[in-house]
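Q: These are the residues of each chain, in order.
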Amino acid sequence: MILTVKKHLKGFFRIRKKNATRPKKTIKFGDPTTIGKGRVYSILSIITLLTLWFFVSEIKLVPPLFLPSPLKVLGKFIEISTEGYRGHTLAGHVFISMYRILAGFFLGCLAGIPVGISMGLSRIVRGAMDPIIELYRPVPPLAFIPLIIVWMGIGDQGKVFLLFLAVFSIMVINARSGVRSVTIEKIHAAYSLGANRWQVLYHVILVNALPEIFTGMRVAMGVAWGTLVAAEMVAATSGIGWMVLNSARFLRTDIVIMGIIVMGIIGYMFDLLIRSIEKKVIPWKGKT
Amino acid sequence: MNSLIVNDLSMTYRTGDTTIHALENISFSMKAGDFLVIVGPSGCGKTTLLNILAGFLVPTGGQVILNGEHIDRPGADRGVVFQRGALFPWLNVYENAEFGLRMRKVPKKERIEKTMEYLNLVGLSEFARTPVYNLSGGMQQRVALVRCLVNDPAILLMDEPLGALDALTREKMQSFILKIWQETGKMVLFITHSVEEAIYLASDLIVMSSRPGKVIKQYNLSFAQDDTGKSIRAVKSSPEFISIREEIMGIIWSMEEEALQGLAS
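Protein sequences appear in the order of chains A and B. Residues 0 to 287 in numbering that gives the first Met the number 0 are what the first sequence lists, from first letter to last. Residues 0 to 264 in numbering that gives the first Met the number 0 are what the second sequence lists, from first letter to last.
Keep in mind that the hints were calculated from the coordinates and are not lab data. Think of the CB as a built atom: it goes at the ideal place given N, C-alpha and C, for glycine as much as any other residue. Each hint can be trusted.
Here are the simulated distance ranges between beta carbons:
#1 B:E246 - A:T182: 31 to 41 Å
#2 A:G37 - B:V57: 54 to 64 Å
#3 B:T59 - A:A142: 46 to 56 Å
#4 B:E255 - A:G37: 53 to 63 Å
#5 B:T129 - A:T182: 16 to 26 Å
#6 B:K107 - A:P282: 19 to 29 Å
#7 A:P130 - B:T129: 42 to 52 Å
#8 B:Y132 - A:F53: 46 to 56 Å
#9 A:K278 - B:N119: 25 to 35 Å
#10 B:G162 - A:S275: 38 to 48 Å
#11 B:T129 - A:R274: 23 to 33 Å
Generate coordinates for the entire structure from the input sequences, incorporating the hints supplied.
A: So, in structure tokens, the structure goes:
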């Protein structure tokens, strides 16, 4: 038992063996390979932050209305997990938000990747699509909300559509640059080995674009969480983003902070998930 | 019988107001078993010539005829080995080697047989499942060679295939390419800027000038064929080898000096 724990700790902290046979470097400062992950410090900094938070709120340095104690936030977490907030439990709110994010993300990828690829391959598609995407991309999603309410009402479609817009442009740009990143040698080699143009597209251009498409998916997922709160301002009555906005209206900062932490953790989990898929699907990323 | 005829090839292009004659009236022919090396200073249009033979570029004049057929596009009858970076990093050694056969929809059993046969020939069969980015430069070029050979092309076109390798690996690969050439009997057209490499490998050698790229001199050599028993260093340090090397170096240097004088006047 203790042995297995020790083994895991070793993996986590990369505890160094005393008689390691790594060459000894004289210069460590400025050499990025000597830095490591510093996981010990990650845990220390989180503990410090929590302790600081605990004491600041316990000795009432800041009024509880502004900064409720971590225990109270934890209490709210348990309370809303079991009893719910305005009709849904925490899991329910998370589930609803997740559905919207995944729907917007999925549709955004489904449309954005083919459009980006066609833009990378065809002058006509690039010329036609470029101004549309470049014009709407810099506009913050919030600015679309009034229009989206008018067009799509207050149902889920509006929220999914807003998330779709955010994901779409990111996927288009990454897929396009992925297609264009292929070297001419690889294309030439494939043709002179007997591939036809569809085979070159499928076996060379598309595979070669995968790393950038994955990068796009990671960025898009992050942006989707950011846009979620905006999306759930579109006259929602549920969702984790809505929960935060709604409770803020009643100055329930404990719920606000709890919601923010939950969103942060879920967002981080998603990033880890995409990264681990990326590692499995494209181990050759960054190699030529 | 395989044969390649290059007839009066010219390539001219314009950038802005200047017209560049990359190639001018290039003619030569090859028959089965020839190892033709083209050597010349950088910018002499060697790569342009190879790109035309491979079918990636259309010449502005003349034509290329391979086994009686006019060449105007890339095809599996010409295997091209590039200097670097043309392997597919998402495929392992076996999958890279097999690529051409798979694209041409050769049945799986035959694919495995042929690919393994050639991987054996170049000594890479135990690396079949290794990702190509984990191989050394020399091994990567062997994979690039196998990838062409499995297609059983009429000719191998090699564009500075050893240019990115260190000196020792380069010499090892030279003997290696000779061995493959002797065993398969393919026509090989090999481009290099190393005079020594050119003389060592060639059965026929063409020296090109730069701008306009023209054939300056042709040689019939046989250092490669006489290689039996002699080590690569012994061949390269023999008096006959050195005298030809100095002759060709002299030709290239005098072209450079002419070009410099042209600039000065």
